[in-house]
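Undergrad: Read top to bottom, the protein sequences are chains A and B. One point on numbering: in the numbering used here, the residue at position 259 of the first sequence is 259, and numbering is uninterrupted. One point on numbering: in the numbering used here, the residue at position 92 of the second sequence is 371, and numbering is uninterrupted.
Accuracy of the hints is not assured; some may be wrong.
Each computed DSS-like pair below joins lysine-lysine, with the alpha-carbon atoms no more than 27 Å apart [said to hold, decoys possible]:
1) B:325 x A:163
2) A:105 x A:163
3) B:393 x A:163
4) B:500 x B:393
5) A:244 x A:167
6) A:182 x A:167
7) A:167 x B:398
8) A:167 x B:393
9) B:475 x B:398
10) B:325 x B:475
11) A:87 x A:167
12) A:91 x A:105
Simulated from the structure, these hints should not be mistaken for laboratory data.
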Amino acid sequence: MKKNPLAYIPMQVWTIVGIFAVWQACVMVLDIKPIILPPVPKVLGELFGNFGLYLRHGGHTLGNTLIAFAISVVAGVGMAIGIVYSKFLEKTLYTLLVTVNNVPKVALAPLFVIWLGTGNASKIAMGVLISIFAIVIDTVLGLRSLHPDLIDLGRAMRGSEFKVLMKLRLPNAMPSILAGMKVAISLALVGAIVGEFVAAQNGLGFVILSSQGAFRTDRVYASIIVLAAIGTALYYMMEYAEAKLIPWHESRRSHARPTAPSKPAKGPVAQPVASDAKA
Amino acid sequence: MTETLTAPAPETHPRYAIEIDGVGKTYGSGDGAVTALDLVNLDVRKGEFISLLGPSGCGKTTLLRMIAGLEDPTQGSIWLPGRGLDGLGFVFQRDALVNWRTIIENVLLPLEFKGRRTKAAYQRARDLLATFGLAEFEDRNPWELSGGMRQRAAICRAMIDDPQLLLMDEPFGALDALTRDDLNFELQALWPDPEKTAVFVTHSINEAVYLSDRVVVISDKPGRIVDITEIPFERPRPLEIREEPEFGRIARHLRGVLDGHSARRA
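Chain B extracted, bound-state conformation (with noise of 0.2 Å):
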């Protein structure tokens, strides 16, 4: 973690959310060292909308908690200007929700870890939830809601410090084909956002080029990136964009990028 604060910055560049020069991650060393990164360098421009896309076990999970501080690189730097660590919201793949708290409750604990929790925070907690069509649902407990509707409450603890950098783990991987297009389009609709940069780990073709405005895709066994593909649609995007024409087609060169790098293919 302290790599990640610590990287030299010769000098920053306001321009970009994120600085990934030569990353890599070894477990273990030796004989049975296994290499889930190798060399990845990616600049994330500020207020850009990025999707990691690639197969299960591909290391696109490891490299966006390598950018949230909770795992540090074996090799290469990560540097994030601005508020860097402090600036960041996390969400996960099941909503990790504390059932000890209500869904308001539950949204305001990032700023309670800060000390800064206020009546200003509060009303902001409401409208944020408002937002996501959970303002009945404020007080409820989680056990009582639906998997999508704890994954809203999710998404706006993350944002409650209206964080810089919005980091998030296939966080809709366990949601019914539904609830999944409806969290998409709500997601899509936080952008265009200049001061808001994210960060999309999925595996799924379709939902990386709906929400984002670059897909990076990342091999598995080393984990590289073995494409970058500019996503030209503009916002706000309704879900019928995903049967344009210009959609399947860059669908399907992403299919193609995925399969010609997929493990199962040799």
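Only chain A is shown next, with the shape it has when bound in the complex (with noise of 0.2 Å):
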């Protein structure tokens, strides 16, 4: 007996299938407007149809994304340390950063835009803003949480203190780190699209907001597709990157094999060294 060709098809698959199924079903259904909401054809055909300007407008607002991410881990990474190793740095730098983090960052847009202009700079800018205070707050929490064995060990061994942070606390940090950079990489696209809404030439904030103005509802649509695609893969990118980087962790150890120790020892082999990361 052959098996059906369409059981290879995994479920995530025809999640989004679903999906667009209900959408076009509205649509038929309660003759929803084309202006509130466009036939999925239609807009699968915009997207598919231009997809050269998709393409380039997705790649830049992306571009910018990583650009800002990868300056909001570099800087929130430094900033954690230091402020971690100095109480003159814990009272200026992370209080100064708690009020800028309380103050809804969508307002200083503008301001960017003054500042930086209407080009790149504004966007990373925006993007870095959002995103970094995730990274900073994560660090932080994981750079001092390492337990206090860990602690006479670093001391124990008679190392510099460099070599604590960058042997013990660091590594013991991962975890946290990387779920600061998990909801920051969210953000960085956040930032960037926030940024091309206030002003911009490129980019797919850029596209929405001419698309609105020119009624072109199917063109919006398939902007918001190309971002969520955006979004999932970024998602997906640090999901990879914390299989590599912390294999060890326990969230990470669900499908470990339990390999067999020679002997049934019985004793409580628990040890919760990292286990307060995951925040």
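Hints are included, so try docking the two chains, each in its own frame, into the full complex.
TA: What follows is the structure, encoded as structure tokens:
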């Protein structure tokens, strides 16, 4: 008996097909005007008919997002290290970051355009501003949650504080840092789009805003689909990074084979060194 | 820590590995002050295996941590002739292996801290792991090993830099009885070694008698040395010596000392 070829298509694809089906059914049954919700064929036709356009603007937004994300990671981890090691920086920089974080950052977007112009710089700055805080907070938490035994171990090994940072604190903080990065990468995308909304000639935010002005709802939807694809791809990129960088973490070990020790020792193996990370 | 390093040594006694002189430790001050240790004097001979035995909370771990330079005494001084704090290895109650390194990489960690990781060191780590029956597990992750194997790896890590002083804080307290026997046997097999001195904290009388050259009993509230018993058995010691009448006699003596000074008795 031959297996139905449809059975090879993964569930995730069926989910997306299902969303489109419900969308199309709503349009047909409820007779929704195309200006409110265009039919699926029209949106997909626009997307694939003008694919070059979406690729170019999508690439532009993605580029700004990745640059903002990279800056956030480097600067964020650097600031966190400073905050953890310096009482002064904790009182000044950390306080400043908390204050800035409580301002609705979107409100600052017009300021960035005034300062940095309508080019890429203002979008990248927006992306950094929105995403950096998640990384600083999670990295500070991760660096601080070194198990007391490991602090003692570092001291008993008589290494410099730099060694303790590089060989104990940072690896121990990796799960936290990656958790912060996962949040930050989607926030960097938000920042890039917000920047493009305020003033731009490029990027998906620009396409959405100008299409809205021209009542081209199909283009708005096509752009949102591309954005969803970018966001999802970025998320899975981070999942992949996690799998590669912290295969040792409890959250990554659910499928780890319980390799049998030679002796059935029953002693408690528990050692919750880094279990507090995933904040 | 500095105090431990700079403690005056009018004349060094090369036959001692640790000289503890009038050491006390008080936490807090004023009415709320708690004296964990009071006026401890103890000289540990080179090559000696010594156990600190006492009830929970009697300050034996505090004394060990002060020897390791992890805490400072509030009175008196501790002097480590020889390499001082650079020549010690520490074994924790819970192994304190790091999950992001394989077993052999964990063992090599102290050498990386001291910037002395070499090819030869790698080979030494392999040999050391083989001695403790972990040859096949050197590239495994810590979480794949049982508690006993993890603690063996932790002992290898403490020994990788060939320490003059091995400090152990109830290292087998969390293990089941059979694994504990195995580890006791493997640990005693490292002695006699004139270059290696051990301080072993435990609240198991049998473990202390089996492993040690001398057992130091510490009372609680405040922590004081109340008894020092020499253990006469020859090395190497088979586990069966625990069945001998002499072993039982020493164990009963220590039991009596502990009971006589236990706070619960009062």
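Undergrad: Work down the list of hints and note, for each, if the structure agrees.
TA: Comparing the hints with the structure gives:
1. About 31 Å separates the Cα atoms of residue 325 of chain B and residue 163 of chain A, which puts this hinted pair outside 27 Å; it is violated.
2. Straight-line distance between C-alpha atoms of residue 105 of chain A and residue 163 of chain A comes to about 37 Å, which puts the hinted pair past the 27 Å bound.
3. Distance hint between residue 393 of chain B and residue 163 of chain A is fulfilled; the C-alpha atoms sit about 9 Å from each other, no more than 27 Å.
4. For the given pair, residue 500 of chain B sits about 39 Å from residue 393 of chain B by alpha-carbon distance, which is inconsistent with the 27 Å threshold.
5. A distance of roughly 18 Å separates the Cα atoms of residue 244 of chain A and residue 167 of chain A; the hinted pair therefore holds under the 27 Å criterion.
6. Under the criterion of a C-alpha separation no larger than 27 Å, the hint pairing residue 182 of chain A with residue 167 of chain A is consistent with the structure, at around 23 Å.
7. In summary, the hint linking residue 167 of chain A to residue 398 of chain B is supported, as the alpha carbons are separated by about 19 Å, within the 27 Å threshold.
8. With a C-alpha separation of about 12 Å, the suggested pairing of residue 167 of chain A with residue 393 of chain B holds against the 27 Å cut-off.
9. As the CA atoms of residue 475 of chain B and residue 398 of chain B are separated by approximately 24 Å, the hinted pair is consistent with the 27 Å bound.
10. Straight-line distance between C-alpha atoms of residue 325 of chain B and residue 475 of chain B comes to about 7 Å, which keeps the hinted pair within the 27 Å bound.
11. Among the hinted pairs, residue 87 of chain A with residue 167 of chain A is consistent with the structure: their alpha-carbon atoms are about 22 Å apart, no more than 27 Å.
12. A threshold of 27 Å between alpha carbons decides the hint, and for residue 91 of chain A with residue 105 of chain A the separation of about 22 Å falls inside it, so the pair holds.
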